[in-house]
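*Asks:* The primary structure of each chain is shown beneath.
2 protein chains.
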Amino acid sequence: MQTELSRKLGIEHAVFGFTPFPAVAAAISRAGGFGVLGAVRYTAPDDLARDLDWLDAHTGGRPYGLDVVMPARTVEGPKDQTLTEADVEAMIPEEHRRFVRDTLAAHRVPELAEGEASGWRITGWLEQVARTQLDVAFDHPIRLLANALGSPPADVVARAHDQDILVAALAGSARHARKHRQAGIDIVVAQGYEAGGHTGEIATMVLTPEIVEAVDPLPVLAAGGIGSGPQVAAALTLGAQGVWLGSVWLTTTEAELHSPALTRKLLAAGSGDTVRSRALTGKPARQLRTAWTDAWDDPAGPGTLPMPLQGLLVAEAVSRIQKYEVEPLLGTPVGQIVGRMTTERSVQAVVDDLTRGFEQAVDRINRIAGRSGQS
Amino acid sequence: MQTELSRKLGIEHAVFGFTPFPAVAAAISRAGGFGVLGAVRYTAPDDLARDLDWLDAHTGGRPYGLDVVMPARTVEGPKDQTLTEADVEAMIPEEHRRFVRDTLAAHRVPELAEGEASGWRITGWLEQVARTQLDVAFDHPIRLLANALGSPPADVVARAHDQDILVAALAGSARHARKHRQAGIDIVVAQGYEAGGHTGEIATMVLTPEIVEAVDPLPVLAAGGIGSGPQVAAALTLGAQGVWLGSVWLTTTEAELHSPALTRKLLAAGSGDTVRSRALTGKPARQLRTAWTDAWDDPAGPGTLPMPLQGLLVAEAVSRIQKYEVEPLLGTPVGQIVGRMTTERSVQAVVDDLTRGFEQAVDRINRIAGRSGQS
Numbered sequence: 034m035q036t037e038l039s040r041k042l043g044i045e046h047a048v049f050g051f052t053p054f055p056a057v058a059a060a061i062s063r064a065g066g067f068g069v070l071g072a073v074r075y076t077a078p079d080d081l082a083r084d085l086d087w088l089d090a091h092t093g094g095r096p097y098g099l100d101v102v103m104p105a106r107t108v109e110g111p112k113d114q115t116l117t118e119a120d121v122e123a124m125i126p127e128e129h130r131r132f133v134r135d136t137l138a139a140h141r142v143p144e145l146a147e148g149e150a151s152g153w154r155i156t157g158w159l160e161q162v163a164r165t166q167l168d169v170a171f172d173h174p175i176r177l178l179a180n181a182l183g184s185p186p187a188d189v190v191a192r193a194h195d196q197d198i199l200v201a202a203l204a205g206s207a208r209h210a211r212k213h214r215q216a217g218i219d220i221v222v223a224q225g226y227e228a229g230g231h232t233g234e235i236a237t238m239v240l241t242p243e244i245v246e247a248v249d250p251l252p253v254l255a256a257g258g259i260g261s262g263p264q265v266a267a268a269l270t271l272g273a274q275g276v277w278l279g280s281v282w283l284t285t286t287e288a289e290l291h292s293p294a295l296t297r298k299l300l301a302a303g304s305g306d307t308v309r310s311r312a313l314t315g316k317p318a319r320q321l322r323t324a325w326t327d328a329w330d331d332p333a334g335p336g337t338l339p340m341p342l343q344g345l346l347v348a349e350a351v352s353r354i355q356k357y358e359v360e361p362l363l364g365t366p367v368g369q370i371v372g373r374m375t376t377e378r379s380v381q382a383v384v385d386d387l388t389r390g391f392e393q394a395v396d397r398i399n400r401i402a403g404r405s406g407q408s
Numbered sequence: 034m035q036t037e038l039s040r041k042l043g044i045e046h047a048v049f050g051f052t053p054f055p056a057v058a059a060a061i062s063r064a065g066g067f068g069v070l071g072a073v074r075y076t077a078p079d080d081l082a083r084d085l086d087w088l089d090a091h092t093g094g095r096p097y098g099l100d101v102v103m104p105a106r107t108v109e110g111p112k113d114q115t116l117t118e119a120d121v122e123a124m125i126p127e128e129h130r131r132f133v134r135d136t137l138a139a140h141r142v143p144e145l146a147e148g149e150a151s152g153w154r155i156t157g158w159l160e161q162v163a164r165t166q167l168d169v170a171f172d173h174p175i176r177l178l179a180n181a182l183g184s185p186p187a188d189v190v191a192r193a194h195d196q197d198i199l200v201a202a203l204a205g206s207a208r209h210a211r212k213h214r215q216a217g218i219d220i221v222v223a224q225g226y227e228a229g230g231h232t233g234e235i236a237t238m239v240l241t242p243e244i245v246e247a248v249d250p251l252p253v254l255a256a257g258g259i260g261s262g263p264q265v266a267a268a269l270t271l272g273a274q275g276v277w278l279g280s281v282w283l284t285t286t287e288a289e290l291h292s293p294a295l296t297r298k299l300l301a302a303g304s305g306d307t308v309r310s311r312a313l314t315g316k317p318a319r320q321l322r323t324a325w326t327d328a329w330d331d332p333a334g335p336g337t338l339p340m341p342l343q344g345l346l347v348a349e350a351v352s353r354i355q356k357y358e359v360e361p362l363l364g365t366p367v368g369q370i371v372g373r374m375t376t377e378r379s380v381q382a383v384v385d386d387l388t389r390g391f392e393q394a395v396d397r398i399n400r401i402a403g404r405s406g407q408s
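The listed protein sequences correspond, in order, to chains B and V.
Take any residue in the first sequence, note its place counting from 1, add 33, and you have its number in the numbering used here.
Take any residue in the second sequence, note its place counting from 1, add 33, and you have its number in the numbering used here.
Think of the hints as simulated: they come from the structure by calculation, not from any bench.
Among the hints, a few may not be true.
[Said to hold, decoys possible] Okay, derived cross-link-like pairs now, DSS-like style, lysine-lysine, Cα gap no bigger than 30 Å in a straight line: (1) B:Lys316 / V:Lys316; (2) B:Lys298 / V:Lys212; (3) B:Lys212 / B:Lys316; (4) B:Lys212 / V:Lys298; (5) V:Lys356 / V:Lys316; (6) V:Lys298 / V:Lys316; (7) B:Lys316 / B:Lys298; (8) V:Lys41 / V:Lys212; (9) B:Lys356 / B:Lys298.
As the structure is a prediction and not an experimental result, all values here were calculated from the model.
Pulled out of the complex, with its shape left as it was, chain B reads as follows:
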């Protein structure tokens, strides 16, 4: 499974795997794919440096990448003023804080211990946090830098190119993809409606070829709804030069969810058990549908706040829900492909399944095309 892009990166399969877990990213690269570590959960630059050092030692010399989140514009502060986390916290209405407390109380969610920090923070959404992450990243031999929201700033693109690092950005529409191209990025990730995390409304089947044509000749990775070999083959048939998978790694044996209850929920969920909700970050993101997303999406409630207010508002609550595994509220970003995630497997087993299924799908389409002698 080789495309111009996979050859350029020197990888065996055009399979890009996004994950918040270093062990998963390393295993993806070792299996011949391209592991991309999500940086948003790192608030301390030292933690990111430590994990990138670990990656350098465990990818077997294979290339890997880093995904940061730098929304082009988040909170409108007074001109030229850098907003701190405290500034943003102060913008959160008391009504919303009360709704968080009441919803947690209704489900008897215990408090964190005194002095125990929220393990799940969303301060990575702030540009200044992303920039400290970038300083760390540029000290490591990353081959790809992806930005999950909006185009990265021009100086970041220039710095990456100076170090021969490819820059990727996610897009949910052809218009966004064209903006990325104008910003000088190298790869567009076409993120379909069915994908986990932040998505637009246009499904992968329509979005992929639309973005391929919009940014030609830039390479496009297809994301959303991909978790089997035939789906990989379909995405590449649509003109993508690779696939970008996030959800399928969540139930691998290398994943560090640290929550047996959440793993059980993921393994049990069907393709109809996700929802595109603003509950997590303030922008629509696909995730497991839970009593928590229902509460935020309920017209009778206060509704969600814009990014990054919503993320800050719910950070501690999400940590408590996760720590105590309060099942009705327990969720995670994940795509509609969750219906296919029914057993825990190693990353290598997932990649083997993808590549074997890809070959079988190519056999199938050749038979349909009357080229059966060729497969």
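The hints should help you fit chain V onto chain B, whose structure is shown.
*Replies:* Okay, now just chain V, sitting in the frame of chain B:
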């Protein structure tokens, strides 16, 4: 492009085309695909008989099918009582009738002339109307009978099978597809989120293989987001035995929209210009987003009524909007593929483009799979 199903039906391409226009259905069959005429707009059985007679004379002996709408359950009437259209009309609240009048008045939509009947009725949704359509259909050499909502009743399936007619049903989830199989149908149409008309939430990329596995070995047609050769190839790669296309025919030269303004809107619309709304029938159906759908989807309005009340409520209004081409309100069911419909072409040109694009896509995936010597 041959699958087990296309061979069984004796067609050249595994491309099934759904359309409300006999001229389009005939042209699809003549071009080597399989034309399926939508019956919902026929209220008089004689009109349907006339158009099926015409089809018999104009398909050049190629097979064609008919699509009816028989929702399993629509309005709850007293037990064993057959509901008439008048019964259903009486269930519509005055508040909703006023909202229709006010919305039309706000956009200065003229009245129909005295005695002029609404050309666009939705009474085909009622089972008794669908049954008179079936009596007509069974007098014609149709090769396929499709049901757009729910499984067809057992006696209809039996009667079709007696006449060697294949029965198809649309499904938006694996659960619906399994119900269809239990009802004895022969083909499942997997209708993805991005499709025009009634759809569920699961996108084609995820839904197609899920339904293929759920009803194996029944053949599955993929619907939703398909309007180019690479999309046809992708759908077949996912395990479908054919594709079911509806939207792409709306802007063919054979289509009888009788509305230059609507054709212009379709040609100008992008993939993000549709919405999944209950405005048309009371069930979620993808269509052009207009001031009309916005009014019904506005939380400040009265909201929509359940099927078939909503369809009856808006039937005359939709006729007026269409007749007078009131542009802000003018819409039609159509899928996200509308973004690719940018020029008026003949049905033959569309089919040629699909088959040529399919071959190129197969070449592409063979190159990626390292089988380039074989294409």
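*Asks:* Are Lys298 (chain B) and Lys212 (chain V) close enough, with their CA atoms no more than 30 Å apart?
*Replies:* holds (25 Å)
*Asks:* Quickly compare the C-alpha distance for Lys212 (chain B) and Lys298 (chain V) to 30 Å and report which way the hint goes.
*Replies:* holds (25 Å)
*Asks:* Between Lys212 (chain B) and Lys316 (chain B), is the straight-line Cα distance small enough, at 30 Å or below?
*Replies:* holds (19 Å)
*Asks:* Is the straight-line distance between the alpha-carbon of Lys356 (chain B) and that of Lys298 (chain B) 30 Å or less?
*Replies:* holds (15 Å)
*Asks:* Taking only the CA atoms, is the gap from Lys316 (chain B) to Lys316 (chain V) under or equal to 30 Å?
*Replies:* Holds, at roughly 27 Å.
*Asks:* Straight-line Cα separation of Lys298 (chain V) and Lys316 (chain V) no greater than 30 Å?
*Replies:* With Cα atoms ~24 Å apart, Lys298 (chain V) and Lys316 (chain V) stay inside 30 Å; holds.
*Asks:* For the pair supplied as a hint, Lys41 (chain V) and Lys212 (chain V), is the alpha-carbon distance within the 30 Å limit?
*Replies:* Since the Cα atoms of Lys41 (chain V) and Lys212 (chain V) sit roughly 24 Å apart, the hinted pair holds (cutoff 30 Å).
*Asks:* Holds or violated: Lys356 (chain V) and Lys316 (chain V), Cα atoms, limit 30 Å.
*Replies:* Within the cut-off at roughly 24 Å; holds.
*Asks:* Is Lys316 (chain B) close enough to Lys298 (chain B), meaning Cα to Cα at most 30 Å?
*Replies:* Holds, at about 24 Å.
No hint from the list above goes unmet by this structure.
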